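Position chain B against the provided structure of chain A, taking the given hints into account.
Listed below, chain by chain, are the residues.
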Amino acid sequence: MSTATEIGTRHFALVGTPNSGKTALFNALTGSRQKVANYPGVTVERKAGVLKTPSGHSVHLIDLPGTYSLRGRSPDEEITRDVVLGRLASETAPDLLLCVADATNLRVALRLVIELKRVGRRLMLVLNMIDIARRRGIEIDLDRLSAELGVPVVTSAAVRRGGTEELLRRVDEMAAGRLDPSGENTWKPPTTGELRAAQREADRVIAAAVGTPARPDTISARVDAVLLHPVAGLFILLCVLFVMFQAVFAWARPVMDLISSGFDALGVAAHDALPAGLLQSFIQNGVIAGVGNVIVFLPQILILFLFILLLEDLGYMARAAFLMDRIMGGAGLHGRAFIPLLSSFACAIPGIMATRVIDNRRDRLTTILVAPLMTCSARIPVYTLIISAFVPETYLWGWVSLQGLVMFALYAAGIISALGVSFVANHFFLRENYTPPFMLELPAYKLPNIRSVAIGLYTRAQMFLRRAGTTIFAMMVLIWFLASFPRPPEGAEGPAINFSLAAMIGYALQPVLAPVGFNWQISVALIPGMAAREVAVAALGTVYAIEGGKEAAEQIGHALASKWSLATALAMLAWYIFAPQCASTLAVIRRETGSWRWMAITFSYMLALAYLAAFFTYNVAVILGAG
Amino acid sequence: MVDAAPLTVPCRPLGQANRGFCGRIHAIEVREGTHGSAAPEIESRLLELGFVEGAEIKVLHEGPIGRDPIAVRINDTTIALRRREAMAIMVTSLNRSA
Numbered sequence: 001m002s003t004a005t006e007i008g009t010r011h012f013a014l015v016g017t018p019n020s021g022k023t024a025l026f027n028a029l030t031g032s033r034q035k036v037a038n039y040p041g042v043t044v045e046r047k048a049g050v051l052k053t054p055s056g057h058s059v060h061l062i063d064l065p066g067t068y069s070l071r072g073r074s075p076d077e078e079i080t081r082d083v084v085l086g087r088l089a090s091e092t093a094p095d096l097l098l099c100v101a102d103a104t105n106l107r108v109a110l111r112l113v114i115e116l117k118r119v120g121r122r123l124m125l126v127l128n129m130i131d132i133a134r135r136r137g138i139e140i141d142l143d144r145l146s147a148e149l150g151v152p153v154v155t156s157a158a159v160r161r162g163g164t165e166e167l168l169r170r171v172d173e174m175a176a177g178r179l180d181p182s183g184e185n186t187w188k189p190p191t192t193g194e195l196r197a198a199q200r201e202a203d204r205v206i207a208a209a210v211g212t213p214a215r216p217d218t219i220s221a222r223v224d225a226v227l228l229h230p231v232a233g234l235f236i237l238l239c240v241l242f243v244m245f246q247a248v249f250a251w252a253r254p255v256m257d258l259i260s261s262g263f264d265a266l267g268v269a270a271h272d273a274l275p276a277g278l279l280q281s282f283i284q285n286g287v288i289a290g291v292g293n294v295i296v297f298l299p300q301i302l303i304l305f306l307f308i309l310l311l312e313d314l315g316y317m318a319r320a321a322f323l324m325d326r327i328m329g330g331a332g333l334h335g336r337a338f339i340p341l342l343s344s345f346a347c348a349i350p351g352i353m354a355t356r357v358i359d360n361r362r363d364r365l366t367t368i369l370v371a372p373l374m375t376c377s378a379r380i381p382v383y384t385l386i387i388s389a390f391v392p393e394t395y396l397w398g399w400v401s402l403q404g405l406v407m408f409a410l411y412a413a414g415i416i417s418a419l420g421v422s423f424v425a426n427h428f429f430l431r432e433n434y435t436p437p438f439m440l441e442l443p444a445y446k447l448p449n450i451r452s453v454a455i456g457l458y459t460r461a462q463m464f465l466r467r468a469g470t471t472i473f474a475m476m477v478l479i480w481f482l483a484s485f486p487r488p489p490e491g492a493e494g495p496a497i498n499f500s501l502a503a504m505i506g507y508a509l510q511p512v513l514a515p516v517g518f519n520w521q522i523s524v525a526l527i528p529g530m531a532a533r534e535v536a537v538a539a540l541g542t543v544y545a546i547e548g549g550k551e552a553a554e555q556i557g558h559a560l561a562s563k564w565s566l567a568t569a570l571a572m573l574a575w576y577i578f579a580p581q582c583a584s585t586l587a588v589i590r591r592e593t594g595s596w597r598w599m600a601i602t603f604s605y606m607l608a609l610a611y612l613a614a615f616f617t618y619n620v621a622v623i624l625g626a627g
Numbered sequence: 628m629v630d631a632a633p634l635t636v637p638c639r640p641l642g643q644a645n646r647g648f649c650g651r652i653h654a655i656e657v658r659e660g661t662h663g664s665a666a667p668e669i670e671s672r673l674l675e676l677g678f679v680e681g682a683e684i685k686v687l688h689e690g691p692i693g694r695d696p697i698a699v700r701i702n703d704t705t706i707a708l709r710r711r712e713a714m715a716i717m718v719t720s721l722n723r724s725a
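Taken in order, these protein sequences are the chains called A and B.
So the first sequence is numbered by this note's numbering: it starts at 1 and just counts up by one.
So the second sequence is numbered by this note's numbering: it starts at 628 and just counts up by one.
Pulled out of the complex, with its shape left as it was, chain A reads as follows (with noise of 0.2 Å):
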């Protein structure tokens, strides 16, 4: 089997405690030389490159999720336990074991190198962080840490220039050495009894080897005095969150605005350049628009992303889901989910992609299922541009506007029900998994590498736009094809969508919707609607075959103004709080569960809640009067 190609290139794992540093010494090893994905058929991220090393072999890296044990309590730690143990079918077995360890807080690392040498696999102790272990007076004793341990022990400071020489040596040594098993696979899911017994040792060989701590970290301890102040710490935690939702909200948009109008200018530029016919639209409206409105959303993604990398290596985000953990406890959502949710105010896709700060599956599917409910900035044309052709300009007691009130109870609307839902699926749903509990550990608080933080954002960037940006782009050719196939015939009148397969989609659904006072003009237009909520505007606009232009919107508000009852209005806003109008979040909802299952049952209830909420509108104005 030993063939030289295959002795080319080693498999080499690193495994560690969360907090321990190993993400960034991953990222020291291998740079941009790596590749984000799933591992398949779960929401686990897969973290893979090539390293390197000085005598030039090359070694495939993998780093493993963060784990207190071989146990597997969770997806990410079954897949530790899996690659660990060469039992998951799509990894090679690992050579080698990379046990990374958080230098200045060996006692639970120590702990799982015990339980390591138990499976059989050559093992070696990575000491990260040194640097500041040695800055705060820890010394400890290399030699007689690995004789008690008996594993190889080699230092690192992955965020150190050249922090990482030593290390790369001793890999080196070991990618050109013999690395078969060290021996039997013993390992079995440890008793509360060997936990004890494990901690014991571990406690014995630090107290031979490692000197105690000179000075304590202080500065962690005197900045949580602020964060953590139940007073003093929300509030800075709300400005800190305020920033976060103004930058993706605000800051966000001139870059977005700016690519908007470059893919329509080059949209047009297509459309003159071709000549009139299928190619033509194709191109203009299918393939422009469908990319556009992929690159589209990177801005915000890659600002909230920023903050969440910076605020995740700064040590704070771990402080932010303790400060949340009651407030969002009680509708059953993670104290993390606090970040994702806020984000989905601006759009539900990055939004659903920050659920990756959220380590338990069952936690980050809930706020996943609940995360398009919160009001995206995408419905806010179509708010608008209801409640300024329905609701009347006038004020109650003077100075709340009528208008702001009902747009007010749109977003309330929308925070409430997500509330509502994720109770719903926790109690009722979700229940085959036990009540997670909530214990974390506070790290201690780093500056964040600006290495480090730019390989994450470069990874993010890459997998939206290589796994979900296809898929948004697949959907939005689809519906480009519905709203032009097919063809109208010569010399027929009225807009050519009308003559479409969504058209006639939009025909067979009136009956369904006719009960939520939907009329034909609205049906069609929701099939075009759904590559993007704000899209429906124009949709309508089409449909009511109105000009398009600079005074468009205000057109198509006289022109439903005249055309729809006030309980159709109303049902429109209510069915657009819940409805799944948006092709792009159910691209990224399979993307990120990397599963159909979780897409599907996101459209199913979102649609049911829309259909009743527009239904009980509806049907509720017309006894009033409105119809």
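In case anyone wonders, no lab produced these hints; they're calculated from the structure.
If you're wondering where the values come from, they're calculated on a predicted model, not measured in any experiment.
Any given hint could turn out to be false.
Computed beta-carbon distance windows for the label pairs [to be verified]:
1. B:R646 with A:R87: 41 to 51 Å
2. B:E683 with A:V255: 22 to 32 Å
3. A:R33 with B:P637: 52 to 62 Å
4. A:L238 with B:P667: 34 to 44 Å
5. B:P640 with A:V240: 48 to 58 Å
6. B:R646 with A:T384: 45 to 55 Å
7. A:H229 with B:P667: 29 to 39 Å
8. B:P667 with A:R466: 52 to 62 Å
9. A:P181 with B:R646: 21 to 31 Å
We treat Cβ as the ideally placed atom computed from N, Cα and C, and that holds for glycine.
Below, chain B without anything else, positioned relative to chain A:
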């Protein structure tokens, strides 16, 4: 259940401790039926985070609502956990004033 000096070593759950409490872990006793997770699971998780008998702990912070969760210093790490889970950690006080 045989304690050398049960009367002189008052033992209470960490879940009831206030901010500033210093103590030593006496036992990890998860009572069945009081948690969403199975008792051995909670016990294992606590052990994996370093909550073992004999370890010294200090309650550093309390959450803003209902003083829950709590942040506990154990050796050189800080762990956040809910009071519900902390009820399983029996501690003896090391506070001079207490």
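Each hint tested on the structure:
no. : hint                           : verdict
1   : B:R646 with A:R87: 41 to 51 Å  : 45 Å, holds
2   : B:E683 with A:V255: 22 to 32 Å : 52 Å, violated
3   : A:R33 with B:P637: 52 to 62 Å  : 59 Å, holds
4   : A:L238 with B:P667: 34 to 44 Å : 39 Å, holds
5   : B:P640 with A:V240: 48 to 58 Å : 34 Å, violated
6   : B:R646 with A:T384: 45 to 55 Å : 48 Å, holds
7   : A:H229 with B:P667: 29 to 39 Å : 36 Å, holds
8   : B:P667 with A:R466: 52 to 62 Å : 43 Å, violated
9   : A:P181 with B:R646: 21 to 31 Å : 49 Å, violated
The earlier numbered hints that this structure contradicts are 2, 5, 8 and 9.
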